[in-house]
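So the protein lines, in turn, are chains L and H. Sequential numbering from 1 applies to the first sequence in UniProt numbering. Sequential numbering from 1 applies to the second sequence in UniProt numbering.
Calculated directly from the structure, the hints in this document are not laboratory data. Some clues are possibly wrong.
Said to hold, decoys possible - With a Cα cut of at most 27 Å, we get these calculated DSS-like pairs of lysine-lysine:
#1 H:Lys110 x L:Lys245
#2 L:Lys537 x H:Lys23
#3 L:Lys113 x L:Lys145
#4 H:Lys110 x L:Lys262
#5 H:Lys78 x H:Lys112
#6 H:Lys112 x L:Lys245
#7 L:Lys581 x H:Lys82
Claimed, not checked - Taking beta-carbon pairs under 8 Å as the criterion, some of the chain L residues facing chain H (in silico):
#8 Glu22
#9 Pro23
#10 Pro200
#11 Arg206
#12 Ser293
#13 Ser490
#14 Asn494
#15 Lys530
#16 Gly534
#17 Pro560
#18 Cys582
#19 Ala595
Claimed, not checked - To be clear about the criterion: a stretch of chain L counts as covered by chain H if any three or more of its residues have a C-beta under 8 Å from a C-beta of chain H, and this derived list gives those stretches:
#20 407-415
#21 460-468
#22 500-514
Using N, Cα and C, we set each Cβ at its ideal position, and we do this for glycine too.
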Amino acid sequence: MEIYRAHILVCRGTGCTASGSEPVMEAFEKEIEKHGLSKEVKVLLTGCLGLCELGPNIIIYPEGTYYCRVKPEDVPEIVEEHLVKGRIVERLLYKERAVEERMRALTDINFYKRQKRVALRNCGLINPEIIEEYIANDGYRALAKVLTEMTPQQVIDEVTRSGLRGRGGGGFPTGRKWQFAKDAPGDIKYVVCNGDEGDPGAFMDRSILEGDPHTVLEAMAIAGYAIGAKEGYIYVRAEYPLAVKRLEIAIEQARERGLLGKNILGTGFEFDIFLRLGSGAFVCGEETALLASIEGRRGEPRPRPPFPAIEGLWGKPTLINNVETYANIPPIILNGADWFASIGTERSKGTKVFAIGGKINNTGLVEIPMGTTLREVIYEIGGGIPNGKQFKAVQTGGPSGGCIPASLLDMPIEYDTLTQAGSMMGSGGMIVMDEDTCMVDIAKFFLTFTQDESCGKCPPCRIGTKRMLEILERVTNGEGREGDIELLESLAKNIKASALCGLGQTAPNPVLSTLRYFRDEYEAHIREKKCPAGACKALITYEIIADKCKGCGLCVKVCPSAAITGERRQPHAIDREKCLKCNSCFERCPFGAIAKK
Amino acid sequence: MQPAIKRDAEFEEKLKKVDEMLKKYEGQKGVLLQVLQEAQRIVGYLPIEVQKKVAEALDVTLSEVYSTVTFYSFFNLKPRGKYQIRVCLGTACYVKGADKVLGRIEQELKIKVGDTTEDLKFSLDACRCVGACGLAPVVIINDDVYGRLTPDRVPEILKNYE
Chain L
1 MEIYRAHILV CRGTGCTASG SEPVMEAFEK EIEKHGLSKE VKVLLTGCLG LCELGPNIII
61 YPEGTYYCRV KPEDVPEIVE EHLVKGRIVE RLLYKERAVE ERMRALTDIN FYKRQKRVAL
121 RNCGLINPEI IEEYIANDGY RALAKVLTEM TPQQVIDEVT RSGLRGRGGG GFPTGRKWQF
181 AKDAPGDIKY VVCNGDEGDP GAFMDRSILE GDPHTVLEAM AIAGYAIGAK EGYIYVRAEY
241 PLAVKRLEIA IEQARERGLL GKNILGTGFE FDIFLRLGSG AFVCGEETAL LASIEGRRGE
301 PRPRPPFPAI EGLWGKPTLI NNVETYANIP PIILNGADWF ASIGTERSKG TKVFAIGGKI
361 NNTGLVEIPM GTTLREVIYE IGGGIPNGKQ FKAVQTGGPS GGCIPASLLD MPIEYDTLTQ
421 AGSMMGSGGM IVMDEDTCMV DIAKFFLTFT QDESCGKCPP CRIGTKRMLE ILERVTNGEG
481 REGDIELLES LAKNIKASAL CGLGQTAPNP VLSTLRYFRD EYEAHIREKK CPAGACKALI
541 TYEIIADKCK GCGLCVKVCP SAAITGERRQ PHAIDREKCL KCNSCFERCP FGAIAKK
Chain H
1 MQPAIKRDAE FEEKLKKVDE MLKKYEGQKG VLLQVLQEAQ RIVGYLPIEV QKKVAEALDV
61 TLSEVYSTVT FYSFFNLKPR GKYQIRVCLG TACYVKGADK VLGRIEQELK IKVGDTTEDL
121 KFSLDACRCV GACGLAPVVI INDDVYGRLT PDRVPEILKN YE
């Protein structure tokens, strides 16, 4: 085996690739060749490091130096200084926002320091396209352990004792699900991985599939052994082409090495995994709809019971878990249930991966122990709200969740606390909103989403959400009526009680939670015909404050409809007839001379 | 506005490729979605001729094929532009102003979401979260991803595809 004195890890997740990490990687390879360092320094691609906003991200080991926003033109300097002369390139280091100091190592950064990586343990550390790297990092050891040392029931007991709950949304105890599938009568059973990560703003499953695909394969094989299944299916959304590619590579490599297929590790155990791609339907994240889609049909949910554990894929007992849930299985088997249960809180064990985004300084993926408070996540890990704006709410649980206000920031994050607050854990999207976000508009945004994605099978979801959306549309258009709020509430209650599947039952949550905490904003829209956040187009007008306008003309340049006119160095004016309310001038003006009313 | 569907020699050639692909799946159960995905990859969209072929090869009714095609948003019944613009309207992108970016693209191309320009150059779609929330707001043109966008950067980006 070749020994290298340094390793350059280049993040090749979706975020960093979009920011241009591929040319950076090529530049490193070229530059290292040029300096004759090819036998000393190795360049590797790796999965998501989490701080996607600062991509392309790279880490140089053994020091663990973390460079962000690296461009190909920075590469010669990094090679020359860091790798040849041993001097760190200070200007490319991450800068902590609170302190004016550049941080050298990834592990020094607040964003990483507070994290505990279990499900993401290999993301950003190994090359996901090389199975040996996974194996070198304890990969497939858990599978070997269960096949040689444990009975299927012992495996399930271990998972049950760990307290692991489903990471895809509902939080159902994983061990119990496994037990149901094992106890269900039948010779043919299936293991399914739900990789139809549809919640907008959540991308942890994508990062795991891209950055550590083998962990999912290994966990599915363990599940197959535990419940007595020989076949597994991974259902991935079509929006994730990179995840599909990495999974294809991983399955191929695992088959070649006898870790999938017949007689795995010489134990006689047989298990294989097949990929199925979604085609763009949010409802397919619901388990019965997902099964229909794997079978090649319209992804419409059906009533439960019978639950998939009894009657699932092609009518056979089927175990369905989410990607992140599976990613927790190998560490639980290797380190034991007690280790896992020691992390987190009484009723929510282990860690949870959150995708923090929206109006926050550090957007990206974080994995934290359950019980961490929202404040710690948003201010300490996330670095607070940019541009000195005021925090208004954090949205969790996607279209099924709700908005949590500032007064609840000290709430520990657990399945049950989030539900009590009118939201839910969901798959772990966490979108931060500031004073410029209108809560009625956000409720409308989510309802537009669920209305669009409603499969149409049951009337409460198909018609009910449509009626709710119509009310929200007229409220945000300044045509709201007295009684609209009450009407929304009664519709919401009825839809929750009568919809067929999780999508419909939770669709009213964004409206109910914003009504609960931000009722005054609804009232302002309806009674005063005003949008306090200045977001609803129909309720605002743009004006130039003559005193502040320097007549620089920048707004004239960005205005797409030529609505702004004025002499140079003289205060300008906006023609309201022509104004499209696109907000471009507001964002562009360096003097704050544009007012929204 | 949708441009007329061309049925020229190139189209016939693609239909032949669909026939070949279908042979692999003939008689198999539960493969409709995969077959439709492959067919769309070959033809670019799923006109009624292609749906009929699929129905025949898999021995299912045309109505079943059509109902599946119209259920999933990835399938197109009409041809798409050479450059497919997809504006992410996930939550993170939305709170960071994706709707304003979308509005500017509509204005520049003079088409609405879901439409294709008459010269078949651009088609515009709003898409669901692509999971690049760190770069919000995000627009994808074919395979190129543009992040941290503002409406006034739209014209310069579109110029790359003239």
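Checklist entry - Given the hint that Lys110 (chain H) pairs with Lys245 (chain L), does the C-alpha gap stay at or below 27 Å? => result Between Lys110 (chain H) and Lys245 (chain L) the Cα gap is close to 36 Å, so the pair fails against 27 Å, i.e. violated.
Checklist entry - Holds or violated: is the Cβ of Pro200 (chain L) closer than 8 Å to a Cβ in chain H? => result holds (3 Å)
Next on the checklist: Min Cβ distance, Ser293 (chain L) to chain H: is it shorter than 8 Å?
Outcome noted: Holds - the Cβ of Ser293 (chain L) comes within 8 Å of chain H, reaching about 7 Å at its closest.
Checklist entry - Given the hinted pair Lys581 (chain L) and Lys82 (chain H), is their alpha-carbon gap at most 27 Å? => result Violated, because 30 Å separates the two Cα atoms, which is more than 27 Å.
Next on the checklist: Tell me whether the statement that chain H covers the segment 500-514 of chain L is true, taking a Cβ distance below 8 Å and needing three residues at minimum.
Outcome noted: Since three or more residues must qualify, the claim that chain H covers the segment 500-514 of chain L is violated, with 0 doing so at under 8 Å.
Item to check | Cys582 (chain L) as an interface hint toward chain H, with CB separation required under 8 Å | outcome: holds (5 Å)
Checklist entry - Minimum Cβ distance from Pro23 (chain L) to chain H below 8 Å? => result Because about 13 Å separates Pro23 (chain L) from the closest Cβ in chain H, which is outside the 8 Å limit, the hint is violated.
Next on the checklist: Does Lys112 (chain H) sit within 27 Å of Lys78 (chain H), going by the straight-line distance between their CA atoms?
Outcome noted: holds (15 Å)
Next on the checklist: For Lys113 (chain L) and Lys145 (chain L), compute the direct alpha-carbon distance and say whether it is at most 27 Å.
Outcome noted: violated (31 Å)
Item to check | Given hint Lys262 (chain L) paired with Lys110 (chain H) - CA-CA distance at most 27 Å | outcome: violated (57 Å)
Item to check | Pair hint Lys537 (chain L) and Lys23 (chain H), alpha-carbon separation not exceeding 27 Å | outcome: This hinted pair is violated, its Cα atoms lying about 54 Å apart.
Item to check | Closest C-beta approach of Asn494 (chain L) to chain H relative to 8 Å, hint status | outcome: For Asn494 (chain L), the interface hint is violated, since the closest Cβ of chain H sits about 26 Å away, which is over 8 Å.
Consistency with the previously given hints fails for numbers 1, 2, 3, 4, 6, 7, 8, 9, 13, 14, 15, 16, 19, 20, 21 and 22, ordered from lowest to highest.
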